[in-house]
Amino acid sequence: MSEPKGRGAAATLERANPVRLRRRPTRPQLVKWGITAVLVLFALFALPQLMSLYYVDTMTQVAVYSMVAVALGVLVGRVGLVSLGQVAVLAIGAWSAARLLFATTQPYPLILLEAGLITMVAGVLIGLPALRLRGLYLALITLMLAGGITVVLATVNFPNGGHGFLGYNGSLLHIPPIRRPSIAAGDPAYYRFSVIIAILMFALVLAHIKTKPGRAWAAIRQSEAAALAAGINTTLYKLWAFALASFITGVAGGVLAGAIHYLYSINFPAQDSITLLAVVLMGGVYNLWGAGVAALLYQFLPSLLNNWGVSADWLVILFGVGVLQVLTTAPAGLVDQVPRDLARLRHRLSRRRGKRAPHD
Amino acid sequence: MIEVENLTVRFGGVTSLDAMSLTFEQGTCGLIGPNGAGKTTFFNVLSGFVRPAGGSVRAFGVDLLSMAHFRRARWGLRRTFQTEQAIDELSVFDNVAMVHEHSRHPGSRRGDVLDAIAFAGLDADPEAGVRTLGAGQRRLVEVARAVVGRPRLVLLDEPAAGLPDEETRHLAEVIRRIPEHTGALAILVDHDMSLVSACCATTAVLDFGKLIASGPTAAVLRDDAVIRAYLGVA
Amino acid sequence: MPPWDNFEPFIVSGLALGGVYALSGVGLVVLYRATGVLYLAFGAVGALGALVAWSLITRAGAPGWVGWLACIVVAAAVTFGYGLLFGPALAKRDPLVKAVATIGLTLILYGAMDLLWTTSGGQARSLTLPTDNGGFTVGTVQVTWTQVIALGAGVVLTVVTSAFLRYTKLGTAMRAMANDREITATLGVPVRRVEAAAWLGCGVLAGVAGLLLADLVALDATTLTFLVISSLAAVLVGQLRSIPVTFAAAILVGLLHDLLTPIVALTNYRDMTPFVIAVIALLVMSRHRVIVTSREEA
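Here the protein sequences come in this chain order: L, H and V.
Residue 140 in my numbering sits at position 138 of the first sequence, and the numbers go up by one each step.
Residue 222 in my numbering sits at position 219 of the second sequence, and the numbers go up by one each step.
Residue 1394 in my numbering sits at position 294 of the third sequence, and the numbers go up by one each step.
Mixed in with the good hints, there may be bad ones.
Claimed, not checked - In silico lysine to aspartate or glutamate, EDC-like type, Cα no more than 16 Å apart, as pairs:
1) K212/L - E92/H
2) K213/H - D21/H
3) K212/L - E130/H
4) K213/H - E8/H
5) K212/L - E104/H
6) K213/H - D66/H
7) K214/L - E6/H
8) K212/L - D91/H
9) K214/L - D21/H
What the hints assert, rightly or not - Residues on chain H that point at chain L, a partial pick, calculated with CB under 10 Å:
10) A71
11) R81
12) A89
13) L93
14) H105
15) R141
What the hints assert, rightly or not - Far from chain L, by Cβ distances over 10 Å, these chain V residues were calculated:
16) A1177
17) R1193
18) A1212
19) Y1267
20) A1296
21) P1374
Everything labelled a hint here was simulated from the structure, so no lab data went into it.
Note that CB positions come from ideal geometry on N, CA and C, so glycine has one too.
Model the full assembly from the supplied sequences, consistent with the hints where possible.
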């Protein structure tokens, strides 16, 4: 292979990167992948053995809400959009899944896909008018959705095997439970099922972040005007993010339906939506691990406190304080805190090993 | 050629551009004027961020104002902003490639991007994260974004703001060569008269939203009306 | 469709409710214009005040006026305290960030209220004002003085605030600050003091609204905290700017919500009224959207 001749900048660049511009994965990246794989395997196989059924159920909920958290994290952390009604979207997903589960005999994964798509359409319809305007308006409209949906659900009810569009039969004496996949009927098996679905959703998010939409979102977050000036159709990409978030939350709703078997409107109160945003902010909106942290805060801690007889209200107060702390100490916007903290951590770790710290 | 006719912009009670008419022929053109003269507003009209109350802009025969803002970039409008817009979390390559991937361009993206990076004189590794670069190099990334692909109209809004002399000189040289390298017309807004003199063959001057002078740069900078506009009437 | 007579009492109650929403909405808009903060905790502080009033009146046996005054003082104190502590820290941030921060306050208050005034006992609490008892009759409808006060307060506040913003020095300062805080500071306007006044005023209004809503609707932490959503719909329609439009929208939200009560097919959905009105407003607004890159567009 003959090397490009000349001393000009273009030639220099070509020499430095002869064939591919994509580097091979660096050692820190390989380590990160390794740790992730170990944790996933641990969660899938070791965890159910170590915990009582009560906590296995809790961890199923953690898996469900980690999906909702990652969806909200993409919106807030990657695009800068705030949704104060993500639990309402979850309710729509759960409702759709329940309806389909009772009405059809399709396999569970297919139902999850359909529930996700229905929720995606609903989310896009709700978000579209606000997405062309200020971010504050989207926050408000989603808050209003959260406020109104509990009452609508109380009227419409969740499907319970009845007929008609709503699938609700008010006079049923014995309400059938929402079914689970045949291979994952027991609680530990369903837990593994929900973890796998969660991993798939995280992979879907990663696939977006590393490619064209992720780059467009980064541009929009930096400056919407500059993004437009670069030719990015910002409304389209914001809509795409909202559609993705709604899809994932819808799928999570489907998993939730099978997890708890019976759905009621009180499962989706308005305050849950804002508590969810709080834990997502506390867990860190930029890094995908933050979604896992958020779900643990949201489901595992209350479960623990419940076991110890402590009121969950203390957690609500803690989350409120957490929001204020995150927002006042983050240097710019809702996003930057975590990457900067991780960079500082990496800096300190590599210095301890005696290596030269990378210029960050 | 860019033909601006009777462009009027009002914000609330303030008239930012007052039936402004102006023609940019070719090459790199300067646009100067005191603060509040309407230069950035003019750029915002061209970018599509501000809707004018009246008037028209024809760019190379095309009615620019009828296009949606993000479509103008695809047509070939490029712009840099007063505040830095290079995206920290992406690499140099991705920053420049982004402009390319949101338009339809024949030809190799990689080739076009590397060419633009080389033209800007940016000797950093294309895979380097932008957050690792210094201020001058980040400005060059923005210039690379402005020239990648096939731009037709390049708007540069105070590109040298905050840069030391050495880097400003390099930037001036790059800006001066934009038309010959890309075939585009470039408009430079700046307060640094030496930069304007170095890059721009012709210059137009705005004051209070109206055109008060235009022509060869050296002559314009000596024009009485222009000096009065900057210094105020004694 | 029920006969007209059935609607009449709901016109009155709807107007009263709308009056309180207008009171809240105008308070929210003024604070936003002065500080850039959309105070989502408005309902929560009002709820806190109302619950404190209830405790003083029914538990400690205090006279009514002490309770109501305590309600307003508590709401104003918490609001002012928040503005003092977190206003400066978040001053330069995007309005979205500032609004989300008030969610933090909402959660703190919400958790505290549920701890201190738990509802798991099953008993509902109520707060009544003496003006509930008196009133007059219009046609076939009873109108209580409370309802008159609610609507009247909304009207009076809207008029007074519009005049205040236009004709007084403090009001003009607030309008200037909405445009550009830093430039206003360089003009010699005591920015901090103006903001403090806005926070205090908003807090007082939150207390008043909390008291009225506790009487007109329910004394329940969740209900009162999230009733702010109706005011937020009005604020949205007013585009966070126009006091008269916010007032009109608030009255509309209140009226529409209550007028749906006798319509059997829709009555269960009436809590979606703010959402529906907001969506319609957004659809209308998004027809003419242009980005303005100057700092006027928050």
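*Going through the earlier hints one by one, which of them does the structure break, listed in rising order?*
6, 7, 9, 15, 17, 18 and 21
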